[in-house]
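Chemist: For the protein sequence lines, the chains are A and B, in the order given.
Taking my numbering, the leading residue of the first sequence gets 2, the next gets one more, and so forth.
Taking my numbering, the leading residue of the second sequence gets 169, the next gets one more, and so forth.
Do not take every clue at face value.
To be verified - A short, non-exhaustive set of chain A residues, derived as facing chain B with CB atoms under 7 Å:
1) LEU323
2) GLY525
3) LYS529
4) ASN535
5) GLY537
6) LEU540
7) THR598
8) LEU600
The hints are simulated quantities; they were obtained by calculation from the structure and are not laboratory data.
These numbers were taken from a predicted model, which means no experiment stands behind them.
Using N, Cα and C, we set each Cβ at its ideal position, and we do this for glycine too.
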Amino acid sequence: MAGMTTNKTGVTMNKPGVNRSLFKRIGKLAVWPVCMVCVLSSFLAKEKGGETGHPPGLGGTTDDHALRPAGYDGYGAEASGALFPYKAAGLTERQAAAHLLDRFTFGATPGQVGEVVKEGLEKWFYQQLRADNPDDSLHQLLSGYDALSLSNEEIIKTFLKGGQVLRMAVRDGLIDKDSVDKGDKKQYRAQLEDYMRQKGIKPEKELFRQFVNQKILRAAYTQNQLQEVLTDFWFNHFNVSITKNDCSQFIPAYERDVIRPNALGRFEGLLLATAKSPAMLFYLDNFSSTGRNTNFAGKPFGNGGKQGQGLNENYAREVMELHTLGVDGGYSQTDVTQVARVLTGWTVYPMGEYGNGARKLVETMGEDRLKLGGFVHEGDFLFAPNRHDNGEKTIMGKTFSAGGGYEEGVDLLKMLAHHPSTAKFIARKIAVRFVGDDPPQSLVDKMAKTFMDKDGDIRQVLLTIVGSREFWSREALREKIKSPFELAISSVRGLGASITMPYPLYTWITKMGQKIYYYQAPTGFPDKGQYWINTGSLLSRMNFGLALASGRIPGIAFSLAALNNHHEPESTGAALVTYCRLLMPERDLTATIRRLTPLLNDPALEKKVGDASGKSGASGTGQDGLATQNIGADQNMEATKGMDASRNAGAALGMDGMQNRQTAQNRQRQDPQTRRSLQRNGPDQGPGSELGDGTMMEYEKEPLVQPATAVSNSPLLSQVVGIIIGSPEFQRR
Amino acid sequence: MATRRGFLKAGGLALFGISIGGVPGFVARAAGSVKSTGLYKKGKVLICIFQRGAMDGLMAVTPLTDPYLQAARPTLFMSAAKNSTNSPKGSPLIDLDGRFGLHPAMKSFEPLFRDKRLAIVHGIGSPNNTRSHFDAQDYMESGTPFSKGTPSGWLNRAIGLLGHDASPFRAVSLTPSMPRSFYGDNPTVAIGDLQDFAIQMKGNPLAANMAARSFEDLYDQASSDLLKDTGKESFDAVKMLQKMDTHNYRPENGAVYPFSPLGNALKQIAQLIKMDVGLEVAFAESTGWDTHFNQGTESGVFARSASDLSNSMAAFWADMEAFQDSVTVMTMTEFGRTVKQNGTGGTDHGRGSCNFILGNGVNGGIVHGELRELAVENLEDGRDLPVTTDFRSVFSEVADRHLQISDDTVLFPGWQGKKIGTMRS
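Extracted from the complex, chain B is given alone in its bound form (with noise of 0.2 Å):
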């Protein structure tokens, strides 16, 4: 409980309306700005990006010269080539490097890896070689590979390295429920939306406010120091919050975020890193990914989630322009899929994948890892892309860099791994 007082101790938050009964606190708001609360001093925030289902790591971002990938994937497989037998059209992939190409669903990523802010790790993965995405998820969330009774998730581990005061949005998860990775001792908030970070009377702000007047006095009075502590929290986000009106949020710099609940996760992930809330860390979900049927290519399933990726991606990093030292983002996957296609157009669950990380910070331009040729006996297990890097290498660099959390046997206990130069030195 100690790393909560600070927040207290802030303290000093005007009255923001709400315990002023008869002035609705929507009034306070501005058409859509948002304004720094001015409490915390901007820091550094992670945001980490779960890729539910298993991100073929091979579509995504493809080994352009690799000879036994096309025969592999007779209808899945795209190339560079303009005007290549399965498109027609012209040239799907984006050449980054000569020897990879970008899905041309995620061309909002290319101007970021020409500028070097965009990395990828390929052939990324976990040590344990289970392919259920329950438990591969598992692994990577609690970031123990090899032992499923850990009961804390990694980000919040790392949240309690973090060592100095904290807010209550500290670690803000934009999911309905909370998530793996956060699962443990520091305190966390999981929230669908933040407009639900208030207190609510259908279309009746007035009785909202004074239930809210009377809930305030109640726990200020909680015998409970937990219940009383935490109140106090809750109403001083409350009133920080009611800066923040999600519904008129003008991104900055042109930036569009999709109509998706991706997209409206780092949206809001945004306005509460403007508005210096204390958040550290966010974690939101992008899904779609278990491609096992008709997975197509240019467009079609995987397309449609890899487009959703890059450019709520992009769009929170062009709004972000002012802050983009403070932000790195880090995708994650449970696993990659087959090198060989299946039966009905699509790719079952393999073994390593590729993931994206995005900031000032990063040793980007780089597709880092390490991928072989993708012959049958450099396969794991005859089949599948083998993990050549350790997710918890890339995980702890990130930390390590961006946070300034160093302290590997907390955060991966049992792993003694090398990091691989991911981020700048």
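So here's chain A without its partners, still in its complex pose (with noise of 0.2 Å):
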């Protein structure tokens, strides 16, 4: 592993002028008691790992395969100039761009079907592989977002949990603890927010809220969209959650140092660098593991602590049966109590302000004679050797001699990393995500080979998809059902639309039933069209489609004329024809077409979608639940109010008269508005904060990037519009 600054220098305790009640009392310290509101945060200085830098020290990141190779050279396919198979499965060009687009980025954007069949196919997507693309703009919009940077150790200064707020203000004496949960609500709430502003801390919240933001924000507009939706699909597999406040707050900095960086490059990287996050760590207890015959072992926690120490199995076991192996890839139940023996002693390195007192030990030794009695110190990792079981370990038949120290933990996860059933395990998990529900094994068995064979280069194994017949078949075509991410951004792309505010798309991305940074389990959301569609997340996903095209989704701004060249449709059926070939690129539309067209026919259509639009508001029928998601909608309405509803429909298609500053204004006179909005829907603390919403308020400020597009779209136009986004074959990738 070049890259992993591994230390050669074993494990014995036994070297002379290292004061051993020290490493002691690290070992003490180096485990903090993780309750909710006692909330003893740990941890460690790292350097940012900026937005496209290398992150140091997380180790796996930077390998002899360089993440971003500088040429074409390491793929054999396309220096021999291989094309994808997509002809002899009776794909024409443009048919096979749209599925690759469907399949390796969050949706195309306008034109980019052609764009794509101009660049070529394969080049495309190599140039996807390398993930190189300038991605200036992106980067321009999450310029505002001054969370996104900061390390770990930055992030658990600045973004506090209620609980820790709280537990910070009283100590200072600047709230009485009588006085919590007591008396004047207001006053407390006032007292508590001016004690943030001079502390300079900011609510946990407002970490999520950025966090949130940046995903939908990438997977928008980034260039590189295959990097996205792999950062997308290995945090799914690695998965940590937000509802674990021992993890949360790192969580950011997981995505952006661990999986980002790593999603394109070997699967042992990968694997390495989560096994030494905190993200991880914290998430499935390693942190807290301790081998039996050290010092640690069996002794219950303070007062208030939760972990009595000990051998923790929770990682051991997921990281074999989720996150490698798979369950039936042959370990036992013993191997995993092994396999947790190997890996005690790996923790995190003290930081913050609880950590205090470990991390100034830690610094009082020095990094010479941590290494020297075996500590191993990378980021925000730490290998404590006092808390490692040191005894002979086997492992699926592997013995690891006694003395193995920090890495044996290594050579593990790299035999895990490297095993057949790994291969079979992750090449199917990536055929489910890329090519179908259930994929076929022919396939699998292509993927897991590329998998064994090229060092499990990520890489080599999606060339394998994309080369294969199997990809291109008309089974494997839209057969998969897109995540509600998937489908929110998916529409957001092919509308061609700006985001000014991203967070209400996440409003309506968990309405519809993904919660994301929330799943709470370590399987990660699960991967397939049963789980996403089911009653209540299908009529959701029609309202989606209706609420976004009638831009009743504040944030979000389009023109549907724009996006047809500010071509006319000459009637609605060509309106529908239009927009959903604009949508649905190189689909088959005829059945949806057929469907829709006698409705919009109705000879009363016009005059119903006119009332509709003349009447915002007039009746509050208990139709709608939304209201707290509509605000500006009704102002939208009245601006378009004064369209002549005798008009016939398809004089109602232009666009050129409707176009109204007063829109525009409306919008922005919103604004403060739906930002109480956004706030009251803002993500949850998780079960037991103390500190409720009133605390946060100054920092709703969306970064606005550009102004909302001036543009009203037509009711009759937007809600076929929002039909066609709502519709099941919309639904379908």
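Build the complex: two chains, separate frames, hints provided.
Modeler: Here it is in structure tokens:
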């Protein structure tokens, strides 16, 4: 493993000049009792891993295959000019390009099918594998989010949970402990807000808001779509969850430094990086796992703590069952215990206010003495040999002899990363994501072989997919159901929309059944259509289409006329055909169009829709439970009510008369209100957080990147497009 | 997918207006009344309420005669005696049986307990001694206290064991996102508010009708079976719910639901039950139990949550008068809290807590379980009420007696414990 500054200094504790009692104290302090309120946070300084740079020190990110190779070499297929075998499957080049975009991006943007054809499908794909397209405009969009570039240590100093703030405020005497949850709530909140301002503290919620927003913006706008799709895939594979307070603050850096830079690398690098990340160490409790033969075994932690010290098998089990071998991968419960023993002492470097004591000790010793003592400190990761079970272990027939220290953990993870069961398990999972819920075994076998032959190189496995007949077969086309996130992002991309406020989209994605970053179980979201589609979520998808197309989701602007190059469709029927083709390029749309045409030719239609736009807010019938999301929509409707409802439907589609500056002004005016509604819809703090919603008013400011486009779309056209987005065909990719 | 067909077969739904352009569905709604759809026969319904944050079981149901509790909780202790030092106003605790006192904010539980409809299990909890909210909730909801990777929740597995045709409303969680208990392969619905179960166009029912008609047609023709079948179910469900008007709903029997998320959730569950839409398992959440700071006694943080929980459940029970034989309500919480109060007038994360089970089949009027004196040597790790009843013992008994689900190897794999008689045999 090049790039992992592994420590070869051995593990014995008997190095001269090393203060052993100091080690003991560090060992004790290196485990923080982590209860939601008494979050004794921990951990370590790490240099910022910027937007594109490789993070230092987290291991596995810069191995001998550079993440982004400079040339085309290394990909035999491209060098030899081999073409993807879609023609043999009977696809046209445009159909193939559309399929490629459906699977390896978050959806085609207007005209993108043509662009990919022009560039060449293969060339486009290799470029995506390199993931080095400039992303200046995305970075511009993200520049207003100050939390995104912070290190874990900076994050835990800045973004605190309610309970943490409360404890600090009580300790500093700013709030009397007897007044907590008593008396005048308003005054008490104001006091807390004041305190936070003084201290430069922001609520953790704000961190998650920025984090969620960046995910939406990246997915919608990065030019390196494949990297982002894979970031999503691997995050879900190595899932961690904001619902677990212990790890929540570390999740933004986890995605940024651990997942994204490794998403197109080698599997081994990904596995090692996740194993050593604070997010995973806390999420699956390995940070607290202690060897039986150490001083720390079996001792209950002090008052208020949660972890009795000792062996914790959670990570050991899941790293085999979920991350590598798969549940039938050939390991036993004994192996789980042995793996847990190997990984004892893998913990998090002390950081943050509550880690001060341990941090001071560590710093007093200095890195050299740490090394001498067998400690390994890389970034946020710490291997503490005094917590490690030093005995011999045997795992799946392989013996790890006594005294293996940190290195035996690395060896073990490498062994798991390259195991044939892992190759099969990962190959199938990737195939499920990119090919179909039940991918052909022949393809999975080929991918697994590539995985083994090419040292777990993820790019090579992807090349095996696009080089296969199975991927291009008719059975594979449109076979996947979009996740709610994919549905939302593909809609935005398909409409060429600009997002000035991403959070309302997140609210909708949650409503449709995918609360991203909050999936509780280490399995991650199930990747199958049946999971996403149920009666409730399907209705939400339809309502999402209608809300988005009619401009009722704040912070998203688009022009339907511009989408069609300002060509006015001649009739409702023509509009239907036009927008179906724009939003679902190269699909067979005859069924969709045939079913919708009679409805759109309903003579009463244009009156209904016209009435609709004129009657906003007139009937509070309980039909609409989305009031909080609809702020702004009323105004929007008002602005267009001058439309002459008696004109025929075709004429009503003309856009020119309807551009209306007042709409834009209304949108601007609505912003503060919208923001308050966003705040109400903000991410949960999880169970048990003590601070309510009232603590974050001033952090609500969205970086307003560009003013909302001053366009109001024709109500009838919006309705047509809303129905297309909610249609069964658009749910597929 | 086989379990979904029943609903489609049931079919036969009259057109409720939504598919007739121009006739708004809401016209069909009578003023606040709830009518059965007649589609499903009345079945049993299990309603689970998760008390997130870990309820202090010792404050909810206090061992009155314990000689150690008062010393451990100098400012939190209440007694059943009139005019005690801490409660000059009078007798806070409600003496249930000479041994246990119910928190005064839970007074609406008292008649249910006296009437033997309400059972309490004390010392209930998980065999896994984690004191992390996340882990403990995860283990309790997956039903596998030592395995994190269990992909499904115990209630989802319960649904799978019901073994008969299903309605789209068979399992409904009145929460904004899917609870861990519902994760799994059997179809479940999580919805914050049943009002969202409609095609929505702000203030514009005509356009909504038109869109609904279009969607209904499109999904009817979808080439993907999953989308086609679910689409049909969705629209049938919408039509069913059009009979329901949550704003004007009038609970029966003088029931008054608290104006709270839990009260609202139980109210909507009651409506679903009355409509016979095939509900069998429902889920709701109660919050505010993580009382590290100034927990209070008769009033305060704990009392607020306690009163919301008990008043919501009591209102539901009253509202359900005609259906009481069909419903059982069970609460659960991830763990209890420290026996000793902490330095900020609250309690920290502990082990055993108590739970409440309400229904006609419940072995009520009894505080079940085992609670030893709170001497330090009897406590887990010297600090916490020990877990004397495995939560799976109670959950599996309730599922067995109420829903006739007896396959514990599926419901709680790896568990082979005994049941303790919380339900009448």
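Chemist: Now tell me if each hint is right for this structure.
Modeler: We went through each hint and held it up to the structure:
1. LEU323: holds (6 Å)
2. GLY525: With a minimum Cβ separation of about 10 Å from chain B (threshold 7 Å), the hint on GLY525(A) is violated.
3. LYS529: With a minimum Cβ separation of about 9 Å from chain B (threshold 7 Å), the hint on LYS529(A) is violated.
4. ASN535: holds (5 Å)
5. GLY537: This interface hint holds because 4 Å falls under the 7 Å limit.
6. LEU540: Hint on LEU540(A): holds, closest Cβ of chain B at ~5 Å, below 7 Å.
7. THR598: violated (10 Å)
8. LEU600: It holds, given that the least Cβ distance between LEU600(A) and chain B is near 5 Å, below 7 Å.
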